[in-house]
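Participant: Listed here are the chains, written in short residue letters.
Number of protein chains: 2
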Amino acid sequence: MNNWLIEQLLRLNMSEALVKPEGFTREGYTDEETAAIAAFKAIAEELGLAVSEDAAGNVLARWEVDGGLTAAVATGSHLDTVPNGGAFDGAAGVICSLGAVKLLKEADYSPQRPIEVICFRSEESSRFGVSTLGSKAMSGLLDPAIGSLEDQNGITIEEAVKRQGYSWQDMVASKRRKEELKCFVELHIEQGLHIVQHHKNYGVVKAVACPIRLAVTITGKAGHTGTTPMDRRQDALVAAAPLISFVRETALQLNAAYDTALVATVSTLTAAPNSMNVIPQSVTAGIDIRSVDDDLKKKMADAIRNECKRIEEIFGVAIAIDVLVNNPSIALDEEMAQSLADAGNHEAYLPHRMDSGAGHDVMNMAQAWPSGLIFIPCKDGLSHHPDEYATPDDLKMGVELLARFLVEATQDGREG
Amino acid sequence: MNNWLIEQLLRLNMSEALVKPEGFTREGYTDEETAAIAAFKAIAEELGLAVSEDAAGNVLARWEVDGGLTAAVATGSHLDTVPNGGAFDGAAGVICSLGAVKLLKEADYSPQRPIEVICFRSEESSRFGVSTLGSKAMSGLLDPAIGSLEDQNGITIEEAVKRQGYSWQDMVASKRRKEELKCFVELHIEQGLHIVQHHKNYGVVKAVACPIRLAVTITGKAGHTGTTPMDRRQDALVAAAPLISFVRETALQLNAAYDTALVATVSTLTAAPNSMNVIPQSVTAGIDIRSVDDDLKKKMADAIRNECKRIEEIFGVAIAIDVLVNNPSIALDEEMAQSLADAGNHEAYLPHRMDSGAGHDVMNMAQAWPSGLIFIPCKDGLSHHPDEYATPDDLKMGVELLARFLVEATQDGREG
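Residue numbers (numbering that gives the first Met the number 0), protein chains in the order written: chain A, 0 to 415; chain B, 0 to 415.
Please keep in mind that the hints were generated in silico from the structure rather than gathered at the bench. Relax, there's no trap hidden among the hints.
Identical copies look the same in the list; a pair holds intra-copy or inter-copy alike.
Straight-line alpha carbon distances no greater than 25 Å define the calculated DSS-like cross-link-like pairs of lysine-lysine that follow: (1) K220 x K378; (2) K19 x K220; (3) K298 x K308; (4) K40 x K104; (5) K378 x K19.
Please construct the entire structure, taking both the sequences and the accompanying hints into account.
Facilitator: And the structure:
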């Protein structure tokens, strides 16, 4: 199994190595993502699965069952990456799902209901500032208004979707019927170090921390850097500096004061005109705030608002704050979490019950179907980085856990 | 004269208004700059001047003299702008130079040596991080190595020059012979408020403050914004924030401690990967330091180096500092400055002796020929900004001052 997993992971990543200095750049609704999905379809067909696409370009690879129950048990993840990301974020879940099917087929297992491996489109928010487009479409959570959001090259989501052969209108209307699925489970790399630090083998997630995301635009005044005296400036970048420090320091303080973790990051910053001899006229900073405690997220966002008022007064700039995202955190299905923890017992793998600081496709699926999420460890907790890595043994563990869960979920007597 | 000046200034700016919300974007060695230069050639020919180009694309518009002295008296400026700049930075000097020729022709003046109006290429540093390419070429100061510097779209100087029909190799070798010019005078908008604050009409510049420019690259570690705990980060943007504040605060302190002014600006900042869910991996900040006191510039640069060492230790990042530019400040010709101050007396305009915080083409010309620089006021001291403005009366004053100087300089008995 290990060799097969690595070989197929290389195929999905269209690469001869799983760790490369420049990492992998395969953003949502690009030709690169589409090429990786073509590899997924080929592997699924080699396993005898029936491949189809929905209106969002999500791929459904199905193990059909004659005359059994009709609601499928689904598992899967995504194949897009952030720019210069790693080979495992998303792809690990996709390949372990296919690996579980392979394991069950080789064991001549006969499911009583269909098993479906889903490859979601455009999970990362790096391109358009909005995440999980494919699973939002499938779950009926897609806001039609976001079609006009642009990437850094001015290409809208609607246009990007179209260029890959899909229609935004069809995608918005493509919510899947509830009765088609019984439940959904996603496997993902942890992107952190909690599993290892707790001396466990894998993670079973209780809740997913969804972000508050702010775009803070500071407007000062341009001027010549050589002729504008220091005490007559309204420099937007000078005004942005204390905000960056404030976000970090306030997050550290909240972590010291509360039991539940919170992270807050000024992750993007664009200065205009960004010209060597012009005082910065305006700065837009993107701030990402996460915690499974929604009140704590709000505390952080409120503190940022107050700090912006202080900065406006001190530096003579104007600050506008746009809320890009404000999603409540998502609790996952308790019963499924128990099944996923039990699956480890069969294989002597120790589960660690934990929360997820990152969003995943499962957070959308959970709003329509009972859903679960398991994590496998990744090296140094690194993710969204070229050095992102998970061992073949941990991938194999993921295959075994998913296979065990699929057996449990396709043998039960539940209606569907 | 006022109507003619405004009409021609509109032609040079290819616009129906001299102040527009978006300003003017006409960067060096672009089609936009070339189009403005075509307008310059047309106006020069209408005035009966003989138009030619050198290997850098600088345009020489000459009032030739039969049988007189051969070394020309030159005047001029540039037509490129920063992105979203104004209609006067550069163009004011170009149109006043042509206006002076028009005034003298209409007065049937007969110069004893040629008068030359020069339109320099690519004065602003906004595109390639290096300023005054055209006047550097003419003065023999062009470093061949900078041909490989790129703009934000990855286009090198060499390629940009080629696209406008010139050869980088020819341009590097195009130093003008010393005997071709007797002297050079530039007129420019002040880009500050010293003239008005001293209740004078125009500025006569003693020295030009040339910048030290640093590119500070901070390298931290990327990671997922949702899963990397606050106390385990090496966030390059968090490390950049105190540096931005430090540059401003140290410049303010140096101004309080010394008589000579210094300005220092973090004018550009680029964060990578600049993605909403990735901790900033690296930040490059461009710092522009100016003063006519070279020791003071060095003090500032040294303080920045020390602060970077402190930041490396506190935030666990690595910082590399590249010196992009380190040019000593340029003293202008004392005798010419006296002539330019005397020119005001003839017209009852009061000169203010001052230094220039900004670099200009004249700083290169001064290294090969006796050179002078005069400033006319601009509204609110604003420049590199869409609201940049100079009044028609101040432009007319500039024409009269240049015309007076040209008469003085083309009547003298100096050899050449």
